[in-house]
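Trainee: Sequence:
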Amino acid sequence: MSSESPDEECIARQAEEHDEDVFSILVATDIHLGFAEKDPVRANDTFDTFEEVLKTAKENRVDFLLLGGDLFHESRPSTYCIYKCIELLKRYCLGDEPVQVEFLSDPSHNFSNTGDDTVNYEDPNLNVELPVFSVHGNHDDPTGEHQISAMNLVASTGLVNYFGKCSDHSSVEIQPILLRKGQTKLALYGLSHIKDEKLARLIFDKKFSFAIPPEPDWFHLLVLHQNRANRGVKTFVPDDALPDILDLVIWGHEHDCRIEPERTNSKTHILQPGSTVATSLCIGEAIPKHVALLKVYKNNFHITPVPLKTVRPFVFREMILKKLDGQPDEEEVECTDQLLTRQTHAEKQVESEIEIMITEANQQGQLGNKLPLLRLIVAYVDESQTFNTIRFGQKYIGRVANPKDMVKLRSTVKKSPRHGKEKNEFLTPVNQSLPSRVEDLVMQYFEDNQQKQLKCLSLNFLNASVVKCIDANEYDAPVLVTKELINELRTKLEESSIDIDGVDGFVNNAKEQEADGASAILDRLQTRKRPNVNQEIDSDSDLDATNGVASSPGAPPTLPAKKPGARGGRGSRGARGRGRGKALS
Numbered sequence: 001m002s003s004e005s006p007d008e009e010c011i012a013r014q015a016e017e018h019d020e021d022v023f024s025i026l027v028a029t030d031i032h033l034g035f036a037e038k039d040p041v042r043a044n045d046t047f048d049t050f051e052e053v054l055k056t057a058k059e060n061r062v063d064f065l066l067l068g069g070d071l072f073h074e075s076r077p078s079t080y081c082i083y084k085c086i087e088l089l090k091r092y093c094l095g096d097e098p099v100q101v102e103f104l105s106d107p108s109h110n111f112s113n114t115g116d117d118t119v120n121y122e123d124p125n126l127n128v129e130l131p132v133f134s135v136h137g138n139h140d141d142p143t144g145e146h147q148i149s150a151m152n153l154v155a156s157t158g159l160v161n162y163f164g165k166c167s168d169h170s171s172v173e174i175q176p177i178l179l180r181k182g183q184t185k186l187a188l189y190g191l192s193h194i195k196d197e198k199l200a201r202l203i204f205d206k207k208f209s210f211a212i213p214p215e216p217d218w219f220h221l222l223v224l225h226q227n228r229a230n231r232g233v234k235t236f237v238p239d240d241a242l243p244d245i246l247d248l249v250i251w252g253h254e255h256d257c258r259i260e261p262e263r264t265n266s267k268t269h270i271l272q273p274g275s276t277v278a279t280s281l282c283i284g285e286a287i288p289k290h291v292a293l294l295k296v297y298k299n300n301f302h303i304t305p306v307p308l309k310t311v312r313p314f315v316f317r318e319m320i321l322k323k324l325d326g327q328p329d330e331e332e333v334e335c336t337d338q339l340l341t342r343q344t345h346a347e348k349q350v351e352s353e354i355e356i357m358i359t360e361a362n363q364q365g366q367l368g369n370k371l372p373l374l375r376l377i378v379a380y381v382d383e384s385q386t387f388n389t390i391r392f393g394q395k396y397i398g399r400v401a402n403p404k405d406m407v408k409l410r411s412t413v414k415k416s417p418r419h420g421k422e423k424n425e426f427l428t429p430v431n432q433s434l435p436s437r438v439e440d441l442v443m444q445y446f447e448d449n450q451q452k453q454l455k456c457l458s459l460n461f462l463n464a465s466v467v468k469c470i471d472a473n474e475y476d477a478p479v480l481v482t483k484e485l486i487n488e489l490r491t492k493l494e495e496s497s498i499d500i501d502g503v504d505g506f507v508n509n510a511k512e513q514e515a516d517g518a519s520a521i522l523d524r525l526q527t528r529k530r531p532n533v534n535q536e537i538d539s540d541s542d543l544d545a546t547n548g549v550a551s552s553p554g555a556p557p558t559l560p561a562k563k564p565g566a567r568g569g570r571g572s573r574g575a576r577g578r579g580r581g582k583a584l585s
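Going by the UniProt record's numbering, the first residue of the sequence shown is number 1, and it counts up by one from there.
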């Protein structure tokens with residue numbers, strides 16, 4: 001693939017003939033190490049696939065491995081997760097094979113946020129034969145007063161070249177890492193995750209730019225970790241917002257695999273490898289997982305998709321339950337036997353579909369004989385067709401990795417709020433109309449409820465704390481941020497000496513100013529001693545019903561034991577799943 005000539009066979013042939021001038025790069029994104037590590041069935045999934053990625057890089061003798069963010073699933077991964085990551089990197093990245101890539105730019109500038117003054121394969125104290133370059137994502141982003149992330153910990157071992165971190169968000173100029181192999185010159189730009197609203201504002205204000213090398217004939221490659229799907233105004237980066245100078249963009253964060261490069265309105269191509277593990281049971285995660293083998297020769301590139309064979313099989317399906325022949329109308333009085341017959345008939349239909357899905361999953365040819373993940377969305381016509389999906393799933397223990405939540409029931413009949421009329425809605429619109437992220441759901445709630453608008457708290461401010469709560473397992477973030485904001489407003493109000501008539505105007509002005517302050521308050525609060533949040537937050541147990549992820553070691557302590565004789569409230573709900581950007585299903 002080339003920005004000038006799309007003849008892939010010609011480019012591949014040139015790459016073979018001029019191997020000493022060709023960059024060979026393995027590209028992967030969203031590895032999410034540590035995801036579901038408390039699940040007894042899926043605990044090793046992320047580590048198995050990360051090892052496959054490293055093996056693939058060694059087998060193809062690539063010049064380096066390029067990661068597009070979210071190497072870790074949490075900003076504070078467990079000790080075992082960090083240990084396993086470092087152990088795998090040491091096993092596959094260290095060796096005596098020389099690296100045939102010249103580093104031309106100033107490493108102390110490229111890696112200034114990590115404190116490194118050299119690229120790792122030129123460090124005389126290390127024998128690195130497989131360099132790894134990585135930006136951070138929204139899961140493993142820096143936190144705390146010193147803005148340290150799990151990526152900093154791994155980079156401090158010398159096993160990863162961590163770049164693309166932006167400390168000043170008032171104006172961003174991305175400086176490239178300049179590399180050369182023979183006659184090919186590569187300018188590698190990195191943009192670690194920053195808030196999409198902030199990036200959209202920077203682009204709109206023309207405060208986002210790229211430092212272009214003055215010499216010609218550079219191949220310009222950008223790796224970034226941002227929203228690509230349209231999730232609302234100013235919450236994503238449109239393809240046409242990227243500058244024409246870029247030849248290829250590696251897009252992280254989006255989990256659906258779009259391994260074939262897509263050309264924008266300009267000459268720029270976009271490659272979206274997708275995640276290497278399914279972190280949510282949605283249709284996008286069911287697309288077969290790949291990494292990309294990228295070959296760059298002068299101003300041309302060629303991409304070879306490499307399927308991942310250690311990924312746990314996952315099959316997503318939707319179905320509508322059929323009515324039982326001779327089933328009476330809803331208005332008729334129904335006896336218990338009729339209800340049981342309808343329920344039994346519904347279960348048999350679902351059982352039949354599940355068996356087909358299991359067979360399909362087993363035919364995917366994945367390694368390791370792993371139990372498959374299944375998600376079947378079942379649409380029912382009336383309530384008499386419903387059944388207990390958890391009890392139903394018990395018969396598939398030992399055959400399916402997620403028996404508890406493999407079936408989700410959805411009604412096809414919804415009532416109009418005005419006239420009470422029923423309208424038929426099948427499942428295809430469900431994936432399109434429901435928000436795919438929790439912050440979108442919060443935004444939609446306040447847009448749909450004009451009578452319930454925030455008076456003091458900015459909606460962006462609230463969303464920032466919700467995102468931190470979900471993405472980084474900072475479960476006390478909304479409470480702490482709200483309390484801190486109240487204290488700040490009270491202090492400012494006392495200092496301003498405003499009379500009673502000016503309070504409303506003061507609150508409105510403060511609400512506009514606070515929109516960008518949530519992240520700063522969160523970072524400041526993380527450096528302080530946390531209160532006992534169990535006394536402040538009535539939280540459900542944070543076991544994810546979808547993926548079995550328990551709270552990380554960095555999460556707040558578990559709730560205290562109930563007093564003797566205490567019971568849970570009637571109608572109490574089970575654990576609620578939490579995950580970054582998880583599709584609602």
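Simulated from the structure, these hints should not be mistaken for lab results.
All residues carry an ideal CB built from backbone N, CA and C; glycine is no exception.
Hints may contain errors.
To be verified - Computed cross-link-like contacts, DMTMM-like style, restricted to lysine to aspartate or glutamate with a CA-CA straight-line distance of at most 25 angstroms:
hint	residue 1	residue 2
1	Lys58	Asp39
2	Lys198	Glu383
3	Lys298	Asp217
4	Lys452	Asp440
5	Lys206	Asp168
6	Lys38	Glu20
7	Lys322	Asp382
8	Lys206	Glu260
9	Lys455	Asp499
10	Lys395	Glu318
11	Lys195	Asp440
12	Lys90	Glu145
13	Lys370	Glu383
14	Lys195	Asp217
15	Lys370	Glu59
What the hints assert, rightly or not - If you anchor each label on the Cβ, the simulated ranges turn out as follows:
hint	residue 1	residue 2	range
16	Arg410	Glu488	52 to 62 angstroms
17	Thr341	Ser411	39 to 49 angstroms
18	Ile320	Leu493	51 to 61 angstroms
19	Phe446	Ser266	30 to 40 angstroms
Trainee: So which of the earlier hints does this model not fit?
Mentor: 1, 2, 6, 8, 12, 13, 14, 16, 17
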